[in-house]
Amino acid sequence: MKRIMTVSTRNLTESAKKGGCGECQTSCQSACKTSCGIANQQCEALKATK
Amino acid sequence: MVHCYKNNGYNIVLDSNSGSVHAVDEVAFDVIKKYEKKSKNEIITETLEDYPDVTKADVEEIFSDIEQLKADGKLFTEDKFRNLELNIQARPTFLKAMCLHIAHDCNLCCKYCFAGEGEYKGDRSLMSFEVGKQALDYLIEHSGTRRNLEVDFFGGEPLMNFNVVKELVAYARSIEKEKGKNFRFTLTTNGVLLNDEVMEWANRECYNVVLSLDGRKSTNDRMRVSKNNKGCYDLILPKFQKMAKARNQQGYYIRGTYTHYNTDFSKDILHMANLGFEQLAMEPVVADPKMDYALTDEDLPVLKEQYDLLAKEMCKRNREGKGFTFFHYMIDLEGGPCIYKRISGCGVGTDYMAVTPWGDLYPCHQFVGDKKFLLGNVFDGVHNQKIINEFKLCNVYSREACQDCFAKLYCSGGCSANAYHTTGAITGTCNLSCELHRRRVENAIMIKVDEMFQNADN
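Going line by line, the protein sequences match chains B and D. Using our numbering, read the first sequence as starting at 240 and increasing by one per residue. Using our numbering, read the second sequence as starting at 527 and increasing by one per residue.
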């Protein structure tokens with residue numbers, strides 16, 4: 240595509256099929272404590288496959 | 527929902543339901559913006575008028591690309607996740623994270639402290655080993671199949687009760703294997719009592735360390751003061767620098783709070799980066815609107831500009847090989863959370879609870895001291911299931927204001943405590959927080975786009 244470049248992203252629809260293991264970090268255990276930084280967390284299942 | 531925005535010279539298209547991100551040129555940007563609002567012929571006519579160098583074939587090609595992206599599920603995708611909400615509400619929940627209020631006491635009296643100098647509307651108190659042990663046992667007992675269990679030592683100032691902290695970690699380590707669990711500990715500290723012994727212990731035992739510093743000396747010392755009103759910057763800075771170095775610049779955050787008095791907070795973040803810290807976080811103050819340091823809606827334009835300035839500077843430093851991490855810009859587009867996490871949120875009151883020094887359970891640290899949210903205690907368990915059920919139903923689809931927001935799958939509807947303190951409902955939304963979060967998401971994505979172009983250049 241000449242005018243459109245797509246950034247590589249996780250397919251959220253696919254993640255609905257196997258997601259939800261609940262092992263990823265609770266966002267308030269990182270640094271926020273006063274907001275909700277969900278998207279900042281890494282998926283533990285994907286991390287384990289790397 | 528498609529969100530088109532311009533940032534740092536980039537034209538960015540975010541397809542929020544699929545999480546896809548596209549960087550496009552001006553012509554494609556205009557076509558995509560009009561795509562669902564006007565007919566194809568209208569868009570072609572207008573584009574040819576607006577861009578004399580562009581041919582009809584060029585615009586046809588853009589249409590073809592858009593159709594391809596639609597077919598691939600990367601543009602103009604529908605929200606197919608709403609039905610998951612039912613599954614999320616019906617799901618069994620397991621406790622996996624605990625905020626242990628190991629000390630309701632503090633050796634600083636920061637003027638903005640939401641914990642009220644560490645006391646949380648109660649008496650000064652330190653958690654005993656027996657209460658802490660019971661809390662850890664309670665966590666294991668209610669963690670079901672979850673393997674990674676997170677425990678945050680919080681306060682007040684946790685190092686005022688360091689011996690109990692050490693004993694609890696030793697206890698957890700002694701049982702985690704037989705219980706099939708993996709404890710991850712976080713220590714949050716103001717640094718006053720940080721010494722070589724603590725550092726050595728934390729570097730061995732803690733997955734994460736959160737070190738409180740607000741930035742420039744003038745900023746930090748205005749709010750972060752001792753009982754005799756002396757700022758703590760000079761005391762804590764060398765210790766934090768030593769700690770960051772000892773942790774190889776990983777597994778820690780220097781975390782600041784900005785207020786109405788430093789709406790130019792990007793300077794504070796850059797000050798800390800210039801001091802050599804590579805993991806930085808900075809949060810807007812949580813405050814009663816009546817307080818002089820509380821942020822106001824009038825501050826919003828300046829605050830948004832600050833986030834933009836920070837993002838641009840981070841792109842520049844990344845390209846110079848002098849990059850640093852800012853918590854709110856560390857969106858992981860490829861390895862980030864699944865859709866379940868994005869819908870269900872932080873886990874307040876379900877996956878995550880706070881424990882007071884005497885063992886009371888609250889949905890999170892920000893509700894501690896508010897008796898309406900007292901869930902039970904670590905000895906007798908939860909007796910207020912009604913509140914738990916309310917949090918279980920709390921997700922991005924239960925917040926009306928989120929439905930048309932492009933950022934809803936990046937914050938899951940935001941912080942329930944902020945919502946409650948602003949609107950009186952845990953399913954409400956706090957406008958100021960939302961405005962700031964939307965701008966942070968835009969900037970975080972822009973940085974990823976910049977990285978893509980940087981990699982393409984190299």
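Source of the hints: derived by calculation from the structure; they are not laboratory data. Just so you know, not all the hints are guaranteed correct.
Claimed, not checked - Below, computed lysine-lysine pairings styled on DSS-like, alpha-carbon distance capped at 30 Å:
1. Lys-257(B) with Lys-563(D)
2. Lys-743(D) with Lys-756(D)
3. Lys-241(B) with Lys-838(D)
4. Lys-241(B) with Lys-563(D)
5. Lys-830(D) with Lys-560(D)
6. Lys-532(D) with Lys-241(B)
7. Lys-257(B) with Lys-768(D)
8. Lys-606(D) with Lys-286(B)
9. Lys-918(D) with Lys-286(B)
10. Lys-564(D) with Lys-582(D)
11. Lys-596(D) with Lys-256(B)
12. Lys-842(D) with Lys-768(D)
13. Lys-637(D) with Lys-816(D)
Results of checking the hints against the structure:
1. Of the supplied pair hints, the one linking Lys-257(B) and Lys-563(D) is violated, its CA atoms being roughly 35 Å apart against a limit of 30 Å.
2. Only pairs whose Cα atoms come within 30 Å are accepted, and Lys-743(D) paired with Lys-756(D) is accepted, the gap being roughly 12 Å.
3. Between the alpha carbons of Lys-241(B) and Lys-838(D) the distance comes to roughly 26 Å, so the proposed pair stays at or under 30 Å and holds.
4. Of the pairs offered as hints, the one joining Lys-241(B) and Lys-563(D) holds, with about 23 Å between alpha carbons and a cut-off of 30 Å not exceeded.
5. Proposed proximity of Lys-830(D) and Lys-560(D) is supported: the alpha carbons are some 26 Å apart, at most 30 Å.
6. Taking the CA atoms of Lys-532(D) and Lys-241(B), the gap is about 19 Å. The hint holds against a cut of 30 Å.
7. Pair hint Lys-257(B) plus Lys-768(D) does not hold up; C-alpha atoms about 42 Å apart against a cutoff of 30 Å.
8. Our distance criterion of 30 Å between C-alpha atoms is met by Lys-606(D) and Lys-286(B), whose separation comes to about 26 Å.
9. Distance hint between Lys-918(D) and Lys-286(B) is fulfilled; the C-alpha atoms sit about 27 Å from each other, no more than 30 Å.
10. Straight-line distance between C-alpha atoms of Lys-564(D) and Lys-582(D) comes to about 17 Å, which keeps the hinted pair within the 30 Å bound.
11. Restraint check: the Cα-Cα separation between Lys-596(D) and Lys-256(B) comes to about 20 Å, which is no more than 30 Å; the hinted pair holds.
12. Distance check on the hinted pair: Lys-842(D) and Lys-768(D) sit about 27 Å apart at the alpha-carbon level, within 30 Å; holds.
13. With a C-alpha separation of about 14 Å, the suggested pair Lys-637(D) and Lys-816(D) falls inside the 30 Å cut-off, and the hint holds.
The structure is inconsistent with the numbered hints 1 and 7, although it conforms to all the rest.
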